[in-house]
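Peer 1: Given next are the chains, with one letter for each unit.
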Amino acid sequence: MSIELKDISYVYMPKTPFEHLALDNVTITIPDGSITAIAGHTGSGKSTLIQHLNGLLQPAAGTVAIDGTDIWQCKDKSKVKAAKRSVGMVFQYPEHQLFEETVEADIAFGPKNYGCSADEIATRVRDAMAFVRLDYEKYSKRSPFQLSGGQMRRVAIAGVVALKPKYLVLDEPTAGLDPQGREDLLQRIRELHAKEKTTIVIVSHNMDDIARLADKVIILNKGKVAAEGKPADVFKMQEIIQQAGLEVPQITQIMEKLQQAGLSVNSDIYIMDKAVEAIAQAVRGRSRC
Amino acid sequence: MLTDITLGQYFPGNSLLHRMDARVKIVLLFFYILAIFVLDNNYCYALNTAFALAAIKMSKIPPVMVLKSIKPMWWILLFTFIIQMFTIPGETLCKLWIFNLTYEGIVRGFIIALRLVLLIAVSSLLMFTTSPLMLTDALEILFAPLKKLGFPAHELAMMMTIALRFIPTLLEETDKIIKAQKSRGSDIGEGNFMVKAKSMIPILVPLFISAFRRAEELAMAMEARSYRGGIGRTRMKAMRMHKLDFLAIGIFIIYLIILSGIRICMPV
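Just so you know, the sequences run in chain order A and B. So the first sequence is numbered by this note's numbering: it starts at 1 and just counts up by one. So the second sequence is numbered by this note's numbering: it starts at 290 and just counts up by one.
So here's chain A without its partners, still in its complex pose:
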């Protein structure tokens, strides 16, 4: 099963002088069990696109199907609701949505809305807090507004993780975090994917993050899909990536430069370990000559 968007178009402020076509005939598939990264420059339509994944925005044209349920055509209301609820959404700066008096209550907000039992809610809150590495005893009774920015973000993400979504969509989750927090968060996401088999959709313009995380990359440029495929294949399309206002991962750039300088390495490497290996091998090969 998967989320399938077909020929999606979306227009902001139609029929005014401010009319703007944000998405132009976009067709993408989010395969089950994948980590899909959506990359694009500011204003490329990535935030608009992900809001179609759980039916927050209704496309002007095209269809959205979650696990085979067309959420705008299907007549069965409960089926549509269930389909929408299988997609958890973490917006940009999610800490701005906290509102409850305690961390515990805020994380419980979602599961409560979903109609979980009190016991179920309690376990979900504990699990979610453990997942984002917030000590339950220490933090559950605190006000979320007394926490640091990074901790607030973790509370907000826990609030979505507690919904146990089948698909988890994160819009720039690492924006504004320090390198340590960034690495931590990406690690958490990887773990969620491995342990809970959650399908991850991550929006980012940081290609290094994408290189380390994703097994599928979609590049958006001006509301259109510019490239789609495996990271290794997409990162090869340097021209398209640059046109979209992005840069290939730093490691790929280094490999490219080394290749130009005459070292016999592949330039389609984008993971640190592999790069080290390849360079070592190339250097060894050279010294032998």
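Mixed in with the good hints, there may be bad ones.
Stated by the list, open to error - Cross-link-like lysine to any residue pairs, in silico, SDA-like; alpha carbons within 20 angstroms at most: (1) A:166 <-> A:208; (2) A:79 <-> B:471; (3) A:77 <-> B:474.
Keep in mind that the hints were calculated from the coordinates and are not lab data. Quick caveat: nothing in here was measured; it's all calculated off a predicted structure.
Assemble chain B onto chain A, guided by the hints.
Peer 2: Just chain B, lined up with the frame of chain A:
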């Protein structure tokens, strides 16, 4: 969608009216409204209507937009029309219970409704053709003489500018928060009053917090740039009157003279 609103109604364009100095537009509008109400003469009304239509044509704003701006006033217009219809004494056309429908009443009601329509249409034209920033700047300059009496012209203009500036930002924020809470399964706008009111809390609390945060950041940013109120402050874009503005003023004065002439010579 919530963010699909136009800020203050400004309708970007490059017509003669768009290019006019905002101060001139405000002053001319003031005298035009005065003319509508003071020069109560049927010929004057006809001329004023023609003037308004010409202005709309010149602004290149779709007439539908102008009509839309009148729409919210529709009930008030109807109400005044009906009241006038039955309360002005004169030649009775028909009797409804204790009310007399008079010919004079219908004419009077029509004229008063027309006045209101002109008033709204031309005022909205000012809003359509002037960006909010120009408008507040112009108001500040026009109210500057009142500073001597202690009227906080600059402060008011700054407050208006900031308020206008943050309307779209806060709407966007609201939209985002609603979506985020919806994604967490909150059913906003469903159920009875109490349920509805309760479902607003997850939206209002974050919204207030972010509004305060933004206010604090803005205050800090303004202070960092040594903002100390309006005293001795100069503008990056000084408002300057051009040929077009003097031409407009000239034409308008001639128009007013003609109107007054009609009013004096033909007292109908």
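Peer 1: I'd like to know which numbered hints this structure contradicts. Please list them from smallest to largest.
Peer 2: Structure breaks hint 1 only.
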